[in-house]
Amino acid sequence: MSTTTNAPAEAPSSTAARFNLGAFAKKYLIVLILIGLVILLTILTDGAFIKTQNLINVIRQVSAIGIIAAGMVFVIITLGIDLSVGSIVAMSAVVGASLAQTADAAVIKFPGLDVPVIVAVLAGLAVGAGAGFVNGFLITKFKIAPFIATLGMMTAGRGAAYIFSNGRPISTLKDGYNWIGQGSLLGVPVPILLFAIVVLIASVMLNRTRFGRYTYAIGGNEQAARVSGINIDRVKLGIYVFIGTLAGLAGLVLSARIGSGNPTLGTGLELDVIAATVIGGTSFAGGIGTIWGSVVGALIIGSINNGLDLLNVSPFWQQVVKGLIIVVAIIIDERKNR
Amino acid sequence: MADEFILRMANITKTFPGVVALDDVKLDVRAGTVHALMGENGAGKSTLMKVLIGMYQKDSGTVTLEGREVEVHDTKGGLNLGISMIHQELSPVPEMTVAENIYLGREPLNRFKLVDKALMRRMAQELFDEWNIPLNPGMQMKALTVASMQLVEIAKAISYDAKVIIMDEPTSAITEREVDLLFAMIRRLRDRGTAIIYISHKMDEIFQIADEVTIFRDGQWVLTQSTAEMTQQSLITAMVGRELTQMFPKEHAEIGEVLLEVKNLNRGRLVKDVSFTLRRGEILGLAGLVGAGRTEVLETIFGVHRAESGEILVDGKPVQIKQPKDAINAGMALLTEDRRATGIMGVLSVRDNMLAAALRRYSPGGFVDAKRLEEAAEEQRKALAIKTPSLDQLIKNLSGGNQQKVLVSRWLLTLPDILMIDEPTRGIDVGAKSEIHRLISTMAKEGKAILMVSSEMPEILGMSDRVLVMHEGEVTGEVPRAEATQDKIMQLATGTEAAA
Ligand SMILES: Nc1ncnc2c1ncn2[C@@H]1O[C@H](COP(=O)(O)OP(=O)(O)OP(=O)(O)O)[C@@H](O)[C@H]1O
Ligand SMILES: [Mg+2]
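In the order they appear, the protein sequences are chains D and E.
Residue 29 in numbering that gives the first Met the number 0 sits at position 30 of the first sequence; the count goes up by one each step and never skips.
Residue 124 in numbering that gives the first Met the number 0 sits at position 125 of the second sequence; the count goes up by one each step and never skips.
Think of the hints as simulated: they come from the structure by calculation, not from any bench.
Where a beta carbon is used, it is the ideal one built from N, C-alpha and C, also for glycine.
Some hints could be false.
[Unchecked claim] Here are the simulated PhoX-like pairs of lysine-lysine, each with C-alpha atoms no more than 25 Å apart in a straight line: (1) E:Lys316 x E:Lys262; (2) E:Lys155 x E:Lys116; (3) D:Lys26 x E:Lys395; (4) E:Lys75 x E:Lys395; (5) E:Lys262 x E:Lys324; (6) D:Lys142 x E:Lys141; (7) E:Lys487 x E:Lys271; (8) E:Lys321 x D:Lys142; (9) E:Lys316 x E:Lys444; (10) E:Lys381 x E:Lys395; (11) E:Lys162 x E:Lys25; (12) D:Lys173 x D:Lys108; (13) D:Lys321 x D:Lys26; (14) E:Lys487 x E:Lys201; (15) E:Lys324 x D:Lys142; (16) E:Lys75 x E:Lys25; (17) E:Lys321 x D:Lys140; (18) E:Lys25 x E:Lys271; (19) E:Lys155 x E:Lys201; (20) D:Lys25 x E:Lys395; (21) D:Lys140 x E:Lys324.
[As the list claims (entries may be wrong)] Selected chain E positions facing chain D (in silico; Cβ < 7 Å): (22) Pro323; (23) Ile327; (24) Thr335; (25) Ala340; (26) Thr341; (27) Met344; (28) Val346; (29) Leu347; (30) Ser348; (31) Ala355; (32) Gly365; (33) Phe366; (34) Val367; (35) Arg371.
[Claimed, not checked] To spell it out: a stretch of chain D is covered by chain E in this simulated footprint if at least three of its residues, at any positions, have a beta carbon under 8 Å from a beta carbon of chain E; those stretches are: (36) 222 to 229; (37) 285 to 293.
Next comes chain E alone, as it looks inside the complex (with noise of 0.2 Å):
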């Protein structure tokens, strides 16, 4: 009876200081089986999958793997017993190329006992050859994009001839385009008779790709059934453990005067010749393929990066912007796309990373009025129902969604008139998605402008007031709310219609 479940994990239960991350879970898993985990941000899902690979200990409870009891006590172990992972915070070694990447820590050797670069190329070769990956394995790793990394942690992943590989999150850095060479890539896996576990807050690729499902709420197991049973409404219910009626609570909000305009932008080829204007109480969604440059029309008017040429106005008035130290003080705000590299500072406090960049107003005379900034805290944690035991705790102890409501408060705490963010939703489940897009729409209401980079079409629809459609760098059209659909949007992002 148990052959039939390749991986079962029994009465699990997983403490943090101040946190019961899991309490007493299971989680069966079939082989030659698609298993979505789901739950809300930090139901326990990532914690799970750790103490399955052994980066984590369990406090009690039982992992079978092919009906034999085993106790994995590092990350090594788990890989020996064929499990493998794709974390839902990526580690790529910079310095080195995408085939050093792969191999890291198992690097074939030739016959001096050197590692052979040479070799190691080819293989990684093959497995792009195989498995269908548009990569180059002698890049540096540093040169990707961060969809493209996100490709090698898969290729990665893949390369371990693992029976169960752990996907937490996988697409929540890359576009259609990577999808679906993933999901490809998933059914032949499966096909093999391979186990994937399968953690995702996007619901429409639940019901693509997995086979089953189980739900966690608040670390306890809520319930195990197949997608074939169960409805977006079911499923979003058991995970939020209530009825979520508006997904996309857009709400009307007055179109004032132009309060920025981009005129000429330029800088590299992932900028060329932008100009738009953005109004207040309007949403301004730009969209694109990855790599279309929006991430890095955001930063170049925010002043992460230098633009080459261009002008930026604010309320009509032109402003010199050198440093993001600048655009803050033109009103302006900018939640990065990149969490791990521009956003969380991983070793300090959920506090600290709140206020970094409205420390100023907290800080009368440059000195912290202690205060007043822990009612602000305070107020932001209850506001987006930040999960954490304190506002003492380390932000790297937070799950990934929970994290990013921290960033997201970062920035509402600075008071912006322009609010520029990209992909704002990464990560983050149903239930605190639709409160971050109420708290959008409620910011246009206020008459604050709002400029959206988002990867989700839903959400571009959704939300938007307009949309921008960026390829290769350069704006290729504009919709309005009432004429934007999915295909007209792609049709200008790929480059296949001509500016409207």
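Excised from the complex, chain D in its bound form (with noise of 0.2 Å):
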């Protein structure tokens, strides 16, 4: 007979039930060029780079940007973008910074006010999350095209991140904090944990939950989504909100990391999310998308910058470099749907 498709009760999923090694390359070809980048590193430094310690610190330098770029997944699909979260990021740090000193720092933003660090904890996931808010309500009220409102953000927050600072790093920060980035739990380092979990929530909530299914519609069909009766505002605003608050947390994480909430925190690491987005696999035409695809794209720029810097790599070769393997990355993964 001439198909597979014509004998439901017979094959009810006939492409779980047989292996085909095409397709299963195709999918998961980001992971093979990750593995074939590990490789080649690995030859290139003798081995330097797939020692434990090293392949560690691979993971915590792209924890922030792998933590927002799983926000960044959900923001692609539907077609949106957000250039705001390196902003957001030192927003977030310097606030939480501000609330985390020390009383024997030298300059002190709050003098006299001790507040426990979950305070400034949640006051820098606040300031995310209100960021990520006033994004999703100009884009979904005011209909602002997701580019354009997110580089309004990504302008006045840089700003206003200089104004809260005074244009300096807020500096002696209490250890509590500092662990946030610096310590660890259980032997893991506290920023790979954290990483860990928003991959988990975020994951979750795009393949398990309504919210998630909803992302997917929207970028599928935003008109045919409105017909079906999701709100598609709703789900917008939802959105940027959650990718403002990861870029909170990242904040917190990259300001605890240096011991000091500095305003020029995370200047330009929306290319670097956006790029890990779209390695993995993220669609600009929208409706596609995975979060561990924005992992892999996370591990492949981190190891990408950790490689060259043991090749000893001048920064501007590494940049050069950089932006060819983002690019054959892509050209590479594209190629698979034809």
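Starting from the two chains in their separate frames, assemble the complex, guided by the hints.
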């Protein structure tokens, strides 16, 4: 007979039943690219790259990118973009740090104020969520293109971070706060732990909740989604609040890592986040994207950064090489759709 | 001997992952004839045509054009060989003008090598004049109705002066007036020696226009015969592989109390003071010409557009409908007319497409109950005999008719009380069509209320308990089943008879 399609009774899910190497390789091509990259860097660095401690470093370095990329997947699936995440990182960093300074700091933002570290953390997250809410509000209520709305937030947010901190890093922070970036739990560095938790939550959200399925539906065809009774504005607003909150979290991690809330933190970060997301297979045409893909994308970026450092490639050349690798990875990934 | 055939396709096989779309099929077309290609949804008709124009690459087989074997690697190659195609799914560039759409990718240039817009406009105008197409080349594509877009698409295919023109369901979105226009064009083309490959699910069209017919079933060639030697019944039997007895299986349903009442609904020029009632168990047909405002009435009731004024009552209680969500909560469902624009979510799976509207039911507390959802989707697939290798298949890879079935199931899953359906059987094959009609009938019998827009007169006459006719945004009359005739409805639809 001509088809496997015609016999639903015999083969309810023929794709699952038959292992198809071609399809498997296609789907996980990006993982193969990562593995290839790891092997290449290991050879080039005489094995230094593959050392456990170095691998942990790689993951810790990309945890901020990876955390935000999990949110960027939602954004890009719905045909949006968020350029403001780098600036949100800075805002959350200075606000969080300002509430976590010790009394003996040289310059104190809020003299005499002593709140528990958890308050500083919540404040940082709230700043992120608030900025995300503003983005979402502009996009859904005023129908401003996400590119423009978040470009505004990117510029204004960076300025706000400078104003808040008088242009200087807010330093000498409590140990409890620094623990978020420098400590570890059960032998696992806290940033990596947070990265893992975020990935887990985002995966469940995207795949297992109504919110996630609606995200795909909107990206697949916004008009059809609306006719299907999906409240487009509410879902989009939720998405921008979500990524804003994640950027806030990343701001806390990055400031805690260096022990100070620096208003220049996260400059240019949005580009690495978008690159990680897109390398991970999220499509700018909408409706397509996975969280695990963005994790792989982040790891590819981290491996490149770290490997080139180990190889003592000059920072200028690093940028060139990174750009090339990103483009090549995406070209290879695109070709699978032919 | 070969010369009488302008086109011969032989031993063509084409597979997609998990699907053998074409299995060693053939198609022989004579110059100066109209050759119908028929078969059920997913039989492989569109796929064969896409192979011919170079959009898909065949796995094996040969294509012979005017006695010469050819290899077509891309659509440009197809056009260069003199083969053009009107696609089943329209793909207009909405922001461009009609003329720009027609000459997309082959714009005439002036001496500075810039696009000569004035010349392009003139060329389009000449084309329209020659073929009696009542359109303005300077209009923006997005301002056109679906029917007019289809005319643009037809004009574009003709403008290549092709030797072979493929028409994949060209009449699925247009009404009789445009169909007559199209048929006049086809006859002229045929008399000039052009070969037309004509794909349609509409039987009467085939007997009107086609000289020969080739039938596929499940990706295999079944027969090629002159239409003069066939009857409607033998054609259907060859297509479906069994006999199909009852065309409009309308069952008797108990007509109950009023479920939906629309009072003085207004919106723009296409919905003017529309009032009607719809009872439980009733199928109300909404007839009219394209552009009469039928779709707009449905969309306004459903909250796709905001009404300017008017009242909607469900079960005697007024309801506020600001967006489709409110309508769904009030127990309504709307199967929209434009499958591509407001229906399918192309890159999503069949499963996700089915559950877009009813997901709430399958996600208590916001978490998706994957097991129940899977069962529901699987049940729909069986019930509507949707042809797909799995529920994970992307809906864009399904044949047009099967996409339509998925959308029907999307709304059935919301368990609506009031089912509004806009051209429900567009592009659906005869077998599936009677299945869908049976389904509508059964729903009416279960006490649901059905409002059906259709441009197919037999469908309106065969299924409706009562027919509401619209003309230029107004309801011009209401005809009970017993009095409904084609003439009577056409008179009201063209506004040549005063309201009854
Ligand atoms: N790009 C694709 N990827 C995977 N499967 C495909 C693709 N295109 C078509 N198919 C499958 O090939 C088969 C034939 O599809 P095709 O579109 O040719 O049917 P058709 O005869 O034109 O049907 P309809 O009358 O519904 O338009 C179907 O089972 C369809 O799902
Ligand atoms: Mg088709």
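Interface hint for Ala340 (chain E), Cβ within 7 Å of any Cβ on chain D: Result: holds, 6 Å to nearest chain D Cβ.
Verdict on chain E covering the stretch 285 to 293 of chain D, criterion of 3 CB contacts below 8 Å: Holds, because 3 residues of the stretch 285 to 293 of chain D bring their Cβ atoms closer than 8 Å to Cβ atoms of chain E.
Evaluation of the interface hint that places Val367 (chain E) against chain D, nearest CB under 7 Å: Because about 5 Å separates Val367 (chain E) from the closest Cβ in chain D, which is inside the 7 Å limit, the hint holds.
Given hint Lys395 (chain E) paired with Lys75 (chain E) - CA-CA distance at most 25 Å: holds, 23 Å
Interface hint compliance - Leu347 (chain E) to chain D, C-beta minimum distance less than 7 Å: holds, 4 Å
Lys316 (chain E) paired with Lys444 (chain E) [C-alpha distance capped at 25 Å]: With a Cα-Cα distance of about 23 Å, the restraint between Lys316 (chain E) and Lys444 (chain E) holds, given a limit of 25 Å.
Lys75 (chain E) paired with Lys25 (chain E) [C-alpha distance capped at 25 Å]: holds, 23 Å
25 Å Cα cutoff - pair Lys173 (chain D), Lys108 (chain D): The given pair, whose Cα atoms are some 14 Å apart, holds under the 25 Å limit.
Pro323 (chain E) as an interface hint toward chain D, with CB separation required under 7 Å: holds, 5 Å
Restraint status (C-alpha distance of Lys316 (chain E) to Lys262 (chain E) at most 25 Å): Between Lys316 (chain E) and Lys262 (chain E) the Cα gap is close to 12 Å, so the pair holds against 25 Å.
Agreement of hint Ser348 (chain E) with chain D interface, Cβ distance less than 7 Å: At 9 Å from the nearest chain D Cβ, Ser348 (chain E) fails the 7 Å test, so the hint is violated.
Hint check, Thr335 (chain E) versus chain D [nearest Cβ-Cβ separation less than 7 Å]: holds, 6 Å
Hint check: violations occur at hints 18, 30 and 35; the rest are consistent with the structure.
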